[in-house]
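Asker: Chain residues, written in single-letter form:
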Amino acid sequence: AQRVTQPEKLLSVFKGAPVELKCNYSYSGSPELFWYVQYSRQRLQLLLRHISRESIKGFTADLNKGETSFHLKKPFAQEEDSAMYYCALSGSGNTGKLIFGQGTTLQVKP
Amino acid sequence: GAGVSQSPRYKVAKRGQDVALRCDPISGHVSLFWYQQALGQGPEFLTYFQNEAQLDKSGLPSDRFFAERPEGSVSTLKIQRTQQEDSAVYLCASSKRQGWVNEKLFFGSGTQLSVL
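Going line by line, the protein sequences match chains A and B.
Numbering of the first sequence is given in my numbering, commencing with residue 1 and proceeding in unit increments.
Numbering of the second sequence is given in my numbering, commencing with residue 1001 and proceeding in unit increments.
The set of hints was computed from the structure by calculation and includes no laboratory data.
Keep in mind that a hint or two might mislead.
Negatives, chain A to chain B, calculated, CB over 10 Å [stated by the list, open to error]: (1) Phe59; (2) Thr68; (3) Ser82; (4) Gln107.
Below, a list of computed lysine to any residue pairs in the SDA-like style, where the Cα atoms sit at most 20 Å apart [what the hints assert, rightly or not]: (5) B:Lys1104 x A:Ile51; (6) A:Lys57 x A:Pro7; (7) A:Lys57 x B:Lys1104.
Residues on chain B that point at chain A, a partial pick, calculated with CB under 8 Å [as the list claims (entries may be wrong)]: (8) Ser1031; (9) Tyr1048; (10) Ser1095; (11) Leu1105; (12) Val1115.
All values reported here derive from a predicted model rather than from experimental measurement.
Here a beta-carbon is modelled for each residue, glycine too, at the ideal position from N, C-alpha and C.
Hey, can you work out the whole structure from these sequences and the hints?
Answerer: Here it is as structure tokens:
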């Protein structure tokens, strides 16, 4: 079965501290993975995707097929990073349909 | 230049009522998705359209849920005989291309449905 697990509901860090939001997946095949973010009172939006190998707002994510993980990292958290973060997996069928994790709230304290 | 538009923003229904939720995707976007997001959970896939064709409805929880996109643009999600467990935020998303696993989805603000 295809599944995305985000084990932490809430992650609270101080400004300037490193951040790692965990994501594990279950998928039989070559996965395509994403991180979506929802800032307060804004709509859900794409943060980054595995295929692009990009760094957005200082965040990076590395796909580890051995550990079936796609953790989101940032070396120095900023207060504006406070938001809800969702890891997502593109399911089979080549439709672009996403399977989301339950989400992790990141709280960056001043 | 507007993004994905959903209406109404909030909907309160009495148990047993029918509701219709509207999604206006970004102009020219081929793919359209509906998701259901219960409180404290991630979005869960309901159904997918490629233009006017509903290619995947595997996530619709029961036959009370029905979606259409007759002209390949605006879509309506209809829920008949609403029940309390239908209370959730219903999200619509669109994407430019079809059938590409890495496609970026653009989400609407959602419709928050409360069934009393």
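Asker: Which numbered conditions among the earlier hints are violated in the structure presented, ordered from lowest to highest?
Answerer: Numbers 6, 12, in rising order.
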